[in-house]
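**Student:** Chains H and C are the protein sequences, given in the same order. Residue numbering for the first sequence follows UniProt numbering, starting at 1 and increasing by one per position. Residue numbering for the second sequence follows UniProt numbering, starting at 1 and increasing by one per position.
The hints are simulated quantities; they were obtained by calculation from the structure and are not laboratory data. Being a predicted model, the structure only gives us computed values, none of them experimental. Built from N, CA and C at the ideal position, the CB exists for glycine as well. There may be inaccurate statements among the hints.
Label pairs and their calculated CB-CB ranges [stated by the list, open to error]:
hint, chain 1, residue 1, chain 2, residue 2, range
1, C, K225, H, G91, 56 to 62 Å
2, C, E76, H, P128, 51 to 57 Å
3, C, S200, H, G52, 51 to 57 Å
4, H, S255, C, E228, 35 to 41 Å
5, H, S362, C, L259, 29 to 35 Å
6, C, R30, H, E228, 46 to 52 Å
Each chain, letter by letter, is given below.
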Amino acid sequence: MNAQFKSTILQDFRKTAANPVNVSLQEWKKSGRKIIGCMYHYIPEEIITAAGMLPYRMKAVGSKGTELSESCFTQINCGFVRHLFDSGVRGELGFIDGLVSVNNCDHIRRFYENWQKKIKTPYMHFMPFPKKSGREQAEVYRKELADFKNSLEKHFNVQITDTKLKKAIELHNETRRLQRELYELRKKKNPPITGADVHAVMVASSSMPKEKYNTMLTGLLEELYTGEGISDYSERIMVVGGELDDPKFIEVIESQGCLVVADSLGYGYRAIAEDVDTDIEPLTALAEYHVLKRPACPRIFGTTFNRNDFVRHIAEEFKVDGVISVRLPLCDEWSFEQVNLIGYLKKHGIPHLTLDIDYILSSTGQIKTRSQAFLETISGTKHGR
Amino acid sequence: MFVAGIDLGSATGKVVIMENDRVASTVVIRSTASPEKTAALAIEEAASKIGLKAVSDLEYIVGTGYGRSGVSFITENISEITCHAKGAHWLNPGIRTVIDVGGQDCKVISVNADGKVIEFAMNDKCAAGTGKFFEAMARTLDCSLDEFAALALRSGNPCSITKQCSVFAESEVITLINNGERQEDIAGGLIDSIVRRLLSMIYRVGAVPQVVLTGGCARNMALVKSLEVSLGIPVIRTKEDPQITGALGAALFAQAKALIQNK
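Input sequences plus hints: build the corresponding full structure.
**Tutor:** Quick look at the structure:
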């Protein structure tokens, strides 16, 4: 692929995404400021920012094994929590001053309990997240957010005012706005950036101070507007899935000649499609954002219609020729989602491939074969172009 | 005009040389540790059979199989799923379902009237339901692959074998041997367990007749017969060795590409 970049911004984003720790994180820590680990999405990172701390989305990139996890988990637990816990026991995530988690799934619940027992991070907070999307649930979650805010204030002796919260929401909205601008460029016939690079940019946002990130992304966008578009690709592909923090996976798919131009991923478009409301009381706005507003993942009951609709809408908007959905083995939520998606996309004539991928990408031969065969199958019968 | 298709599998390397829509030469050799070397040896042997001087006499070479992307003299590579569909369709245009059981993976491919892939399913990373599984089980029963198939065909009461993982199935087989079960029935049970594994993939894609079994394991008649019983429909036998179907598909693509190139 022929995207050329003059500056080092993209390389910095790639480096940030490829490592658990990065320079910005070290600088932050050196200045005496705190870092709070966030376990999966549905965590209102704006509250952490408003407290003057850095929200860090937990990841175990580069993990070599899970042997230190095995005594605390069973064979039905997913690779994500095992690798993450292993990194935790090894002390590789020792820079976090606190950990906040929601009950996203049973694997994450066990992860939190085990972390509490074995790793003992100084500050820990658990927030039950509603299973359903509804106004009542948003009100319940608002109370959880108030508890979280109070507990942060008490433990770290800080004050999180509504003004600070509003400012933090505006800052995070600015990140989302810039990221949406990046996605807009992917709608072009010749997008100026690969799917793997976009994914690196997205993942990097979860482990950097937002001010610095926004400045860097603004610089990258300036380059992209004047940069050359990519034309040497065959099909336009969309990737759908849950936890995917390794851009290498997208790179493997793109190595087969296609271009990943869109996604519905936890680190991707689902996280940026909507802004948090700035006209209402901040905690209510945050609760409504997570429970009602942002595109849901299959964890939230009653959202199947909207989820399917969202995937189809993005597929059409970005003119994709096919959808590849990925799941981590043993993830029950995404297993059922794949069955749901196959039927839905088939009904709407959108070619679809499902892939199981390990959290730490190792053998890529089969992924390449399946992706190549999928691309060969859809070439000539392109959807929506 | 001569063209070639090379299928570089994990167990064997297969070459089909075609001349004007006719199979001119085929060869199957054991894979070496290097796909480049396997490809060179196989193509040399296939070419010498018809008096060609190997690569320089071939207009276009398409590679497929797990070693498809690492060979210097291959003009282009196409996935084994697309190649098996193409090869099977050329052998019998009525085929709608291709079940390829190879050395390290198996696939079920749904094909349309033009020989194009509509949908496919492929096994996971483990060796369950592949040639590697058969090799491991034949070793445990202390017989060759041919003897293993012959034993299974003689089974009147196949044992129930539930494990599909090569390692755990081996433990199950050892227990059955120690329990005094007949070797024929153990072999028969193993074949049935593999067919069950294949059925789970076949049902995902659908078993639309006509159905064909391709890949090296298709030479195992016990597997073919057990599959026919389970599906309740006949499995087509093709005029060419089922093991070369992928290489044949690759050669057919090579032929089409060479024609475009020479226009």
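**Student:** Confirm or reject each hint.
**Tutor:** Hint check:
1. Range check, K225 (chain C) to G91 (chain H): about 58 Å between beta-carbon atoms, so the 56 to 62 Å window is met.
2. Distance hint check: the CB atoms of E76 (chain C) and P128 (chain H) are about 55 Å apart, consistent with the given range 51 to 57 Å.
3. Between S200 (chain C) and G52 (chain H) the Cβ separation comes to about 54 Å, which falls inside the hinted range of 51 to 57 Å.
4. With their beta carbons about 39 Å apart, S255 (chain H) and E228 (chain C) fall inside the hinted range of 35 to 41 Å.
5. At roughly 41 Å, the beta-carbon separation of S362 (chain H) and L259 (chain C) lies outside the given 29 to 35 Å, and the hint is violated.
6. Look at R30 (chain C) against E228 (chain H): about 47 Å separates their beta carbons, and that is inside 46 to 52 Å.
Violated hint: 5 only; the structure is consistent with all others.
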